[in-house]
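Novice: The primary structure of each chain is shown beneath.
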Amino acid sequence: MAFALTLFTLVALPFVAALMIALVAGGSRALHSGVAAAASAAGLILLASMAAPVIGGAVPSATVSWVPTLGLELTLMVDGLGLMFAGLILGIGLAVVIFAHFYLYDGEATGRFFASLMLFQGAMLGIVLAGNVLLLLVFWELTSLSSFLLIGFWQHKSEGRRGARMALAVTGGGGLALIGGMVLLGLAAGSFDLATILESGDIVRASPLYPAILGLILLGCFTKSAQFPFHFWLPHAMAAPTPVSAYLHSATMVKAGVFLLARLWPVMAGTEAYTVIVTSVGLVTMVFAAVVALFRHDLKSILAYSTISQLGLLVMLLGFSLELAALAAVLHILNHAAFKAALFMAAGIVDHETGTRDIRRLGGLAKAMPVTALIATLAAASMAGLPPLGGFISKELMLYETPNVALFGLPWLVPVLATIGATFSVGYSLRLAWHLFFGQPREAEPFARAHDPGVGMWAPSAVLTALAVLLGLMPMLLAGPLVGAVTGAVIGAPAPDFDLALWHGVNLALILSLLAVAGGALLLWRHAALLRAWESIAHSDARQMFEGALGFADTWVRKAIIATHTPSLQRMLLATFGVVVALIIDGAQAGGGAFTGTRPGIPASAPAIVAWTLLIAATAAVVNDSRQRFRVLIYISVIGLVVSLAFVRFSAPDLALTQISVEVVTILLLLLALNLLPKAPPILSSTPRKWRDGALATLGGVLIGGVAWAMLTREPGASISAYHLANSKSGGGGTNVVNVILVDFRAFDTLGEIIVLGIAGLAIYALLYSTARGAAGARLASWQEDMPHSPERHPMMFVMASRIALPLTLTVGIFLFLRGHNQPGGGFIAALVVAIAFLLQYLAAGYDWTDKRRRFGEHRMIAWGVLTAMVTGLGSWVFGSNFLTSTFEYFSLPLIGKFELASAMLFDTGVFLTVFGAVMLALAQLSHIAQRAARAIAEQPAAQAPEDAP
Amino acid sequence: MSYEFLLSSAIGVLVAAGIFLALRARTFQVVLGLTLFSYAVNLFLFASGRLVLNRPPIWDKAISEYADPLPQALVLTAIVITFGMTAFVVILALRSFLETGSDHVDGDNVPCDGDDSDMGKGE
Chain A
1 MAFALTLFTL
11 VALPFVAALM
21 IALVAGGSRA
31 LHSGVAAAAS
41 AAGLILLASM
51 AAPVIGGAVP
61 SATVSWVPTL
71 GLELTLMVDG
81 LGLMFAGLIL
91 GIGLAVVIFA
101 HFYLYDGEAT
111 GRFFASLMLF
121 QGAMLGIVLA
131 GNVLLLLVFW
141 ELTSLSSFLL
151 IGFWQHKSEG
161 RRGARMALAV
171 TGGGGLALIG
181 GMVLLGLAAG
191 SFDLATILES
201 GDIVRASPLY
211 PAILGLILLG
221 CFTKSAQFPF
231 HFWLPHAMAA
241 PTPVSAYLHS
251 ATMVKAGVFL
261 LARLWPVMAG
271 TEAYTVIVTS
281 VGLVTMVFAA
291 VVALFRHDLK
301 SILAYSTISQ
311 LGLLVMLLGF
321 SLELAALAAV
331 LHILNHAAFK
341 AALFMAAGIV
351 DHETGTRDIR
361 RLGGLAKAMP
371 VTALIATLAA
381 ASMAGLPPLG
391 GFISKELMLY
401 ETPNVALFGL
411 PWLVPVLATI
421 GATFSVGYSL
431 RLAWHLFFGQ
441 PREAEPFARA
451 HDPGVGMWAP
461 SAVLTALAVL
471 LGLMPMLLAG
481 PLVGAVTGAV
491 IGAPAPDFDL
501 ALWHGVNLAL
511 ILSLLAVAGG
521 ALLLWRHAAL
531 LRAWESIAHS
541 DARQMFEGAL
551 GFADTWVRKA
561 IIATHTPSLQ
571 RMLLATFGVV
581 VALIIDGAQA
591 GGGAFTGTRP
601 GIPASAPAIV
611 AWTLLIAATA
621 AVVNDSRQRF
631 RVLIYISVIG
641 LVVSLAFVRF
651 SAPDLALTQI
661 SVEVVTILLL
671 LLALNLLPKA
681 PPILSSTPRK
691 WRDGALATLG
701 GVLIGGVAWA
711 MLTREPGASI
721 SAYHLANSKS
731 GGGGTNVVNV
741 ILVDFRAFDT
751 LGEIIVLGIA
761 GLAIYALLYS
771 TARGAAGARL
781 ASWQEDMPHS
791 PERHPMMFVM
801 ASRIALPLTL
811 TVGIFLFLRG
821 HNQPGGGFIA
831 ALVVAIAFLL
841 QYLAAGYDWT
851 DKRRRFGEHR
861 MIAWGVLTAM
871 VTGLGSWVFG
881 SNFLTSTFEY
891 FSLPLIGKFE
901 LASAMLFDTG
911 VFLTVFGAVM
921 LALAQLSHIA
931 QRAARAIAEQ
941 PAAQAPEDAP
Chain B
1 MSYEFLLSSA
11 IGVLVAAGIF
21 LALRARTFQV
31 VLGLTLFSYA
41 VNLFLFASGR
51 LVLNRPPIWD
61 KAISEYADPL
71 PQALVLTAIV
81 ITFGMTAFVV
91 ILALRSFLET
101 GSDHVDGDNV
111 PCDGDDSDMG
121 KGE
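Residue numbers (full-length UniProt numbering), protein chains in the order written: chain A, 1 to 950; chain B, 1 to 123.
Hint data in this document are derived by calculation from the structure and do not stem from the laboratory.
On a predicted model such as this, the values are computed, not experimentally measured, just so you know.
Just so it is clear, CB atoms sit at the ideal spot from N, CA and C, and this is done for glycine as well.
Don't take each hint at face value.
To be verified - Now the stretches of chain B that chain A is said to cover, found in silico as 3 or more residues with beta-carbon under 8 Å:
#, segment
1, 1-7
2, 32-43
3, 54-63
4, 67-78
5, 83-94
6, 97-104
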């Protein structure tokens with residue numbers, strides 16, 4: 001655990017840097033790149049502090065429990081493999097940051113760029129240092145998302161957006177498969193801890209889940225590493241700025257798939273299925289992409305296909321399931337990272353300084369930009385595998401291993417195809433360098449502009465190229481110990497003896513290598529003729545196929561949605577009610593037992609029967625007269641009144657108070673809305689339809705009424721109510737148990753409910769505020785008064801009465817609020833009563849008069865209400881209790897006597913403010929637009945634009 | 001007749017009327033249907049605490065039997081939320097009418113006055 005802090009700091013650094021850069025997004029470019037470079041450099045130093053022990057065989061790790069029930073731990077560990085990848089990510093990251101600082105043009109969003117880059121760096125570090133496979137998945141997804149941001153950085157470019165989307169779709173889709181594979185892997189191994197999984201290779205390979213694990217994980221790796229047939233996203237990702245390409249496609253994003261293959265090598269490799277699938281996919285990708293790369297013209301496109309090809313080589317090497325092949329892969333990962341990042345940067349420099357990346361327009365650049373030419377040519381030579389460069393050694397090692405794998409029982413197949421792939425690699429590498437830098441300029445204009453960039457731009461690629469050269473000249477000294485440690489980590493055993501050198505004597509590998517170089521030179525020589533032949537064949541465009549597939553899926557999903565999900569409220573409601581009715585019938589049949597229980601009933605009083613009759617009659621009248629809309633409101637209020645009376649009768653005074661005040665507000669709301677809605681529209685439904693709906697409605701009514709009856713005639717089961725009753729006074733400090741439940745026992749529910757109410761209020765405001773525009777505004781402006789009006793707009797008697805009632809009602813509201821904890825009342829009820837008092841003012845004196853005298857903003861009341869409630873809840877944390885625990889104390893004041901102050905009272909204030917704010921916002925806004933419509937009539941022709949809402 | 005019968009039959013009637021109205025084609029009728037349905041749902045929830053007369057859940061040393069406070073607390077917030085929902089649906093209906101000139105729930109353009117025929121498409 002000695003390195004716990006180092007490890008967590010290492011992974012946290014890029015994320016902190018990303019956040020910092022995002023916070024100063026308005027700052028200068030130097031600030032952004034400075035933070036990014038400092039973070040990368042600091043990361044490198046931290047990593048270096050662990051390098052010696054890791055190469056020595058130690059595996060520092062650290063664990064913090066995260067979601068233990070899922071097996072998800074925040075475990076980080078660094079072994080040889082992690083060390084090498086983390087070094088590449090940070091080292092090349094640093095080079096890319098410096099390069100990008102000089103590469104990006106003036107006025108570009110450097111803050112966004114470097115923040116995304118750091119986010120990506122953090123995600124990559126997370127992948128290679130994760131010690132828990134579930135944690136690894138989290139970072140894996142994060143790389144897909146952050147690379148989406150990077151590839152689509154130039155948001156104004158259509159190919160950038162498409163490329164980003166394609167990359168996300170392919171790698172994200174593979175990520176889904178990977179999640180499945182990793183979870184199965186964890187189940188098979190019995191743990192999600194990486195170290196444990198790596199030791200249970202035999203168990204996993206013997207598990208019946210192994211084929212599924214293999215398939216899903218390989219799908220994830222192949223999509224990420226752009227293996228055939230998922231390779232097509234990578235060339236399109238070249239729409240990204242060149243620094244991004246240099247980073248994503250040399251050492252990071254696409255290497256993540258290779259990393260995972262290497263990481264899980266001890267667990268998955270060695271079986272027949274693994275060797276056949278991985279080797280052939282890698283081999284096909286390597287050869288196919290190398291051929292395509294030879295005939296591309298865009299510099300970055302050549303590099304993209306060469307990357308795909310090189311990745312194929314790495315995948316193939318890992319697929320061999322041989323220890324020395326794994327070693328070759330490790331060495332080639334190092335080589336490829338160095339020369340490919342350098343080449344991408346060189347391509348960026350050429351693009352930057354000549355204005356084009358089309359190799360057919362360039363040529364002879366060695367005269368104009370000698371430094372760039374030197375760097376790029378050396379890097380390309382390493383890519384071609386020419387001695388004495390690093391690429392030669394790893395390619396040699398690869399060819400040396402090929403005869404040991406008899407794919408499909410054919411021992412010659414792999415060596416032959418690998419040599420063909422190598423030949424084309426030499427071909428495209430030579431062509432890249434030769435056509436770009438030597439010979440005669442093909443066009444005058446780009447050549448005339450060309451010149452070497454400042455040192456800041458070429459230095460990063462120079463350092464990387466120097467590395468590629470040194471890896472060839474003194475491989476054992478520079479990389480020997482590291483390659484040994486990494487190979488040991490990959491194969492899960494001490495690395496085999498190896499000797500990295502340029503000269504191993506004459507052997508098959510050398511002969512194959514010479515063949516490849518000769519063939520490559522031939523390809524370069526006959527390139528023009530080959531190109532004509534290539535271009536005469538029709539090639540399928542992967543992008544069109546991808547977009548076609550997307551379009552196909554889109555069309556059919558749309559059709560399926562329309563078939564199952566008709567946009568008709570009536571049909572949906574019919575289905576919903578139908579299903580509920582069917583479920584109740586099914587449940588009743590399955591339950592069995594007597595319909596009527598044994599609980600004795602309470603005989604009803606005569607007034608109760610009268611009230612019941614009223615309710616039934618009013619309900620029938622609502623249905624019967626539903627077209628006479630104003631009349632219906634009266635029936636509705638009768639029903640509401642009877643419901644309130646029922647609450648009084650059945651010992652629920654709080655409910656009765658709430659119901660009656662909500663009733664008043666609801667009726668006001670419906671009145672205001674009806675003012676603008678059609679009053680008595682014709683019937684739309686046909687008679688058979690009415691019968692059908694009526695039958696369903698009757699069935700539903702009978703069933704739910706029956707359920708209610710069955711429930712009411714049985715004794716209740718044990719519930720937590722007794723606890724609430726027993727602890728209300730002693731624990732919550734109030735005798736009104738309902739209120740104590742609301743503000744104390746179940747205060748979290750209440751908090752959620754007032755938030756919902758606040759949102760409803762704000763949504764209503766949003767819906768009404770924008771009515772002034774568009775079709776709705778036009779309709780509102782041409783609204784015709786269709787109701788007989790009282791000649792007096794604001795009757796004097798009503799206005800006076802409402803003004804006298806205001807202070808009285810407010811007093812009642814405050815009284816209800818204050819006594820709420822002990823007697824019926826509380827925040828909900830008080831808020832409704834006070835709202836009614838103010839709404840009466842709007843109603844009596846008009847919107848304008850009242851609005852002028854208003855001293856509070858409803859939006860803020862909602863916000864303050866929710867905040868007050870939350871802060872009260874959080875306050876209990878300060879005292880070490882759970883969220884929303886209430887406390888209370890008794891105080892004595894002269895004259896008034898002993899009284900109680902509970903923190904729950906503060907919570908209730910929050911409830912009050914939110915409910916009041918939401919109700920006022922909805923109704924005042926509605927009356928505002930009604931007023932606006934009425935005013936439009938009064939002032940016709942209405943020419944003035946509607947004024948802003950308060 | 002017992003109170004239990006009155007309450008359960010009232011719930012049944014409200015549900016039936018609510019379903020029927022909710023299936024109509026005009027927004028205002030749907031709002032009415034939802035309102036009736038909400039009454040029924042609130043009463044049903046309340047009934048799950050069973051019916052008790054003259055025993056409000058106001059704690060007192062001398063009393064040991066109360067009405068069940070838990071359903072009451074649930075229904076109290078349900079009533080307020082019901083209002084919020086009703087208000088939202090009403091405003092949505094109003095806005096939809098102002099935007100399209102039709103108060104058909106599916107936005108179909110049907111006359112607000114005139115002939116009595118069934119013009120709603122679909123069901």
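Novice: Now tell me, hint by hint, if it's right for this structure.
Specialist: Hints, one by one, checked against the model:
no.: 1; hint: 1-7; in the structure: holds (count 7)
no.: 2; hint: 32-43; in the structure: holds (count 7)
no.: 3; hint: 54-63; in the structure: holds (count 7)
no.: 4; hint: 67-78; in the structure: holds (count 9)
no.: 5; hint: 83-94; in the structure: holds (count 11)
no.: 6; hint: 97-104; in the structure: holds (count 7)
Taken one by one, the earlier hints all hold for this structure without exception.
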